[in-house]
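Participant: In case you want the letters, here they are:
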Amino acid sequence: MTTSENNGIEVRGLVKQFKKGPKAVDGIDLDVAPGEIYGFLGPNGAGKSTTVNMLVTLLPITAGRATVAGWDVATQGADVRKAIGAALQAVALDNFLTGREHLRLIASLQGITGSRADARATDLLHRVGLEEAADRKVGGYSGGMKRRLDLALALVHEPRVLFLDEPTTGLDPQSRTALWEEVRRLAREDGVTVFLTTQYLEEADVLADRVGIIDRGVIVAEGTPAELKAEIGAPTVEVVPTSDSDRAALPAVLAQFGECLAAAQPGAVAVRLRGGSDRASLVTIVRAIDDGGLKIDEIRQHEPTLDDVFLAKTGRSLEGAGDDEATEGAPGAPGSGSASAATADDRDAEPVA
Amino acid sequence: MSTTFRAARAIAWRHLYKWISVPANFMPTFIFPLIFFTGFAGALGRVGEIPGFDYPANYTTWIFVFSLLQTCLFGGLATGFTIAGDFQSGFARRLMLAVADRNAILYGYMLSTFLRAALMSGIVTGVAFIAGLEMLGSVGEIVGMYLLSLSLSLIGTMWAAGVMFRARDPQLGPAMQIPMFIAIFLAPVYVPLALLSGWLHAVARVNPVSHIMGAGRGLLVGQPDDIGLALVSVAVLFALLAVWAITGVRSAERAGG
Amino acid sequence: MTSATATAPAPQGVVNPHAVGTSLPHQVLLLARRSIRGALSSPAGYMPGIVMPLMLLTINSSAMQRSTSIPGFPADRFLDFIIVITFMQAALFATSSAGLGLVRDIESGFLDRLALTPMRAGALVVAQISGAIVIAMGASLLYVTIGLVTGVDFHAGFLGVLALLGLAAWTALAFATIGAWIALRSGESEALQGIFPLLFASLFLSTLNMPRELIQADWFAAITRVNPVSYMIDGMRSLIITGWVPRMLLEDVLVLVVITAIGVSGCARALRRRMAKA
Chain A
1 MTTSENNGIE
11 VRGLVKQFKK
21 GPKAVDGIDL
31 DVAPGEIYGF
41 LGPNGAGKST
51 TVNMLVTLLP
61 ITAGRATVAG
71 WDVATQGADV
81 RKAIGAALQA
91 VALDNFLTGR
101 EHLRLIASLQ
111 GITGSRADAR
121 ATDLLHRVGL
131 EEAADRKVGG
141 YSGGMKRRLD
151 LALALVHEPR
161 VLFLDEPTTG
171 LDPQSRTALW
181 EEVRRLARED
191 GVTVFLTTQY
201 LEEADVLADR
211 VGIIDRGVIV
221 AEGTPAELKA
231 EIGAPTVEVV
241 PTSDSDRAAL
251 PAVLAQFGEC
261 LAAAQPGAVA
271 VRLRGGSDRA
281 SLVTIVRAID
291 DGGLKIDEIR
301 QHEPTLDDVF
311 LAKTGRSLEG
321 AGDDEATEGA
331 PGAPGSGSAS
341 AATADDRDAE
351 PVA
Chain B
1001 MSTTFRAARA
1011 IAWRHLYKWI
1021 SVPANFMPTF
1031 IFPLIFFTGF
1041 AGALGRVGEI
1051 PGFDYPANYT
1061 TWIFVFSLLQ
1071 TCLFGGLATG
1081 FTIAGDFQSG
1091 FARRLMLAVA
1101 DRNAILYGYM
1111 LSTFLRAALM
1121 SGIVTGVAFI
1131 AGLEMLGSVG
1141 EIVGMYLLSL
1151 SLSLIGTMWA
1161 AGVMFRARDP
1171 QLGPAMQIPM
1181 FIAIFLAPVY
1191 VPLALLSGWL
1201 HAVARVNPVS
1211 HIMGAGRGLL
1221 VGQPDDIGLA
1231 LVSVAVLFAL
1241 LAVWAITGVR
1251 SAERAGG
Chain C
2001 MTSATATAPA
2011 PQGVVNPHAV
2021 GTSLPHQVLL
2031 LARRSIRGAL
2041 SSPAGYMPGI
2051 VMPLMLLTIN
2061 SSAMQRSTSI
2071 PGFPADRFLD
2081 FIIVITFMQA
2091 ALFATSSAGL
2101 GLVRDIESGF
2111 LDRLALTPMR
2121 AGALVVAQIS
2131 GAIVIAMGAS
2141 LLYVTIGLVT
2151 GVDFHAGFLG
2161 VLALLGLAAW
2171 TALAFATIGA
2181 WIALRSGESE
2191 ALQGIFPLLF
2201 ASLFLSTLNM
2211 PRELIQADWF
2221 AAITRVNPVS
2231 YMIDGMRSLI
2241 ITGWVPRMLL
2251 EDVLVLVVIT
2261 AIGVSGCARA
2271 LRRRMAKA
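Protein chains in written order, with the working numbering: chain A, 1 to 353; chain B, 1001 to 1257; chain C, 2001 to 2278.
Honestly, the hints are just simulated from the structure, not real lab data. These numbers come from a predicted model, not from an experiment. Incorrect hints may have been included.
To be verified - Just the calculated beta-carbon pair ranges, DEER-fashion:
(1) C:S2265 / B:I1130: 29 to 39 Å
(2) A:P251 / B:S1251: 55 to 65 Å
(3) A:T113 / C:E2190: 46 to 56 Å
(4) C:R2037 / A:P173: 17 to 27 Å
(5) B:S1251 / A:A78: 11 to 21 Å
(6) C:S2108 / A:P251: 51 to 61 Å
(7) A:P60 / B:T1003: 33 to 43 Å
(8) C:R2212 / A:G143: 34 to 44 Å
(9) C:M2275 / B:V1243: 25 to 35 Å
The beta-carbon is built from N, C-alpha and C at its ideal position, and this holds for glycine as well.
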């Protein structure tokens, strides 16, 4: 079957089991529509990269079925490879070649030669901002430059489906934003389907049309970021009392507004507000605390985030669920360590007291 | 031109380009064959005077064929290190993603190693002429000798590729080198087969490299002998190692590059 | 072993420079142990260095046996003549062992860290060289044992075997100082690998395979005459196939003195420069 018009991804019951190990991917189903940006979110070790490696034909599948751009990844690997581009988690470059030589080489491997290859290389070097470094050996590139070149290599043959495995890890905020813009442009203007794995909440939230959350090899939630957050429902209010005695009394006061939870902030007490018409405002809550004779240092309201979705679905926070590799990104990288909380706070918090 | 051949050509270009532009890659493949040739041709001239050493040309000519075979075979082993290095740096994944037919990676390395071996054979020949090489065979016979020796570059590459597509680690280089080292040194390197005795004679008699070496020496001096046996040896080695190399590529595919 | 070796966050996790005493011999001893352990921890790294010479010895001693019928050949068995190659290979291995050990310490920042501790950087260099010599000596002992088992007649007797081991150790020292010098100067394993063709050439363009008087090609005989490795080989070999030949031993010792002096002064200069930059 030749389905050249189909740029989508279809996965049914996909399983990957390594020798003597648990199932890294345990029967996932997913559909990505042509031209869609699909964010695949999960902590380290959740099965994101394994899934990508199977879809790009770098790893054989153990069970299930997957088609990419209409081609079966198990039986039509060569056709899949012609249709896709991939920038994987670890950049795959040769330190002894220049950026331009890399692009020409990959173009030749894809059957693009001569002036067409040169023009393509020049265009891509411009698009990823590497014109000045184009004729320098890659061994001297910074981590961010290598990542940008790796992305350019994935785009050489104008793929219909693009796989980006944690593409912004290690990028500075400016480069990250530029990459997001480029990914959006590819999807909107060129109709490229983008399968993007990330452990950064903000990246998935800002960039993806739809998000799938994977944990321990299983997809635990799927939908648009708005849908997923709506599933969680009402916001959470965190209150930091002035004294320990007030902390003991606070849950009784807050319980009238919803369900008390473990707070993210040390020393705080949290409540997830009931939804619907009887949803309390911050003013009402502050008044109730005051009426109870309790004193507080701070009160904050958080709108639901994808981390809350992850927490609700798995009982764990996304930040702590993987290993500490998540903190290796650029300082302040979205979703890395405390930065995710800060991002949520910056956007949604309403400090009152 | 098929996509596979185009991809193989691109892989070969990169390999040759890296070989020439990186001295650390270039120097060993360039210098070692010359050291071996110069060392043996210079030091062992008297060996040609041993009673029963029956060869119509001088000792430099005798040892030259060994040096050519060694240059070609070890050139293939050097390619094994390049393959392993690609896996270690992750670049092999990029190559495996970029080519539709992954056998093209193997074909590319075979092509570049063959071309490199041809160039190196030319250099070794030049040095051998300075050292007194005598070419007594006809043009056809000399071409035949070069083709026989160049076939070892493909055989060496397929062996090395089979090992390194499986191992994907340059540290296992000795495991790749030692069997080929043994194979070539267990042939009649310094003296004719008839002058070897004991276990070495028994092993050299059945070693396919002995037949290739013997045929090459015969062609060089215009006394072709046992060419059929040499061709069969090349064909059998080629067939077995082609399977070894292709299944190596499959092994790398299964491992995910 | 002291606590210094037990709690090491240092490269390869063996020695914590902050925890080591200030006595120089103590430092060298600890660091040499670390260097030996480091070198021996990877069999893939040292096994070829032991196996390949033995393999070449086995094959070549059989393949070249007929050479002993050349009039004037100084030994009845080619094995007796060529066994010296194993000691030379062990010495070449010391070059890489000492050099690569130092390169690793430079790349990991271990050498720079020593500048902040009571340890002396020189101790690390001496230790890496000592470690390489100990490994080379281990290999040489193995080769002598194999020689004795296979019936090599050491003409200089028991004392000659001891002298041979002494010369082998010194040869390893001379080559190890060169390896360490290049490592300290460049800090890169590529530079170290770059000198191997040169070392290999010095071994093969020598009297390794044929005594000088039986070399037919004048140009090659001339090369062996200016190649210092020939004198190292001839000195050690004389103890095996001839007996005590003072002239050959003296030439060997002189060559070793010169190379060691060049290596040691090179190491000292390169170390000073490197530590001044740190």
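Participant: Against each hint, give a clear statement of whether it holds in the structure.
Facilitator: Checked hints:
1. C:S2265 / B:I1130: 29 to 39 Å: holds (37 Å)
2. A:P251 / B:S1251: 55 to 65 Å: holds (60 Å)
3. A:T113 / C:E2190: 46 to 56 Å: Given range 46 to 56 Å: violated, Cβ gap about 33 Å.
4. C:R2037 / A:P173: 17 to 27 Å: Once the Cβ atoms are compared, 45 Å apart, the range 17 to 27 Å for P173 (chain A) and R2037 (chain C) is violated.
5. B:S1251 / A:A78: 11 to 21 Å: Since the Cβ atoms of S1251 (chain B) and A78 (chain A) sit about 18 Å apart, the hinted range of 11 to 21 Å holds.
6. C:S2108 / A:P251: 51 to 61 Å: holds (52 Å)
7. A:P60 / B:T1003: 33 to 43 Å: violated (22 Å)
8. C:R2212 / A:G143: 34 to 44 Å: With a Cβ separation near 57 Å, R2212 (chain C) and G143 (chain A) fall outside 34 to 44 Å, so the hint is violated.
9. C:M2275 / B:V1243: 25 to 35 Å: violated (56 Å)
In this structure, the earlier hints numbered 3, 4, 7, 8 and 9 are contradicted, and the remaining ones agree with it.
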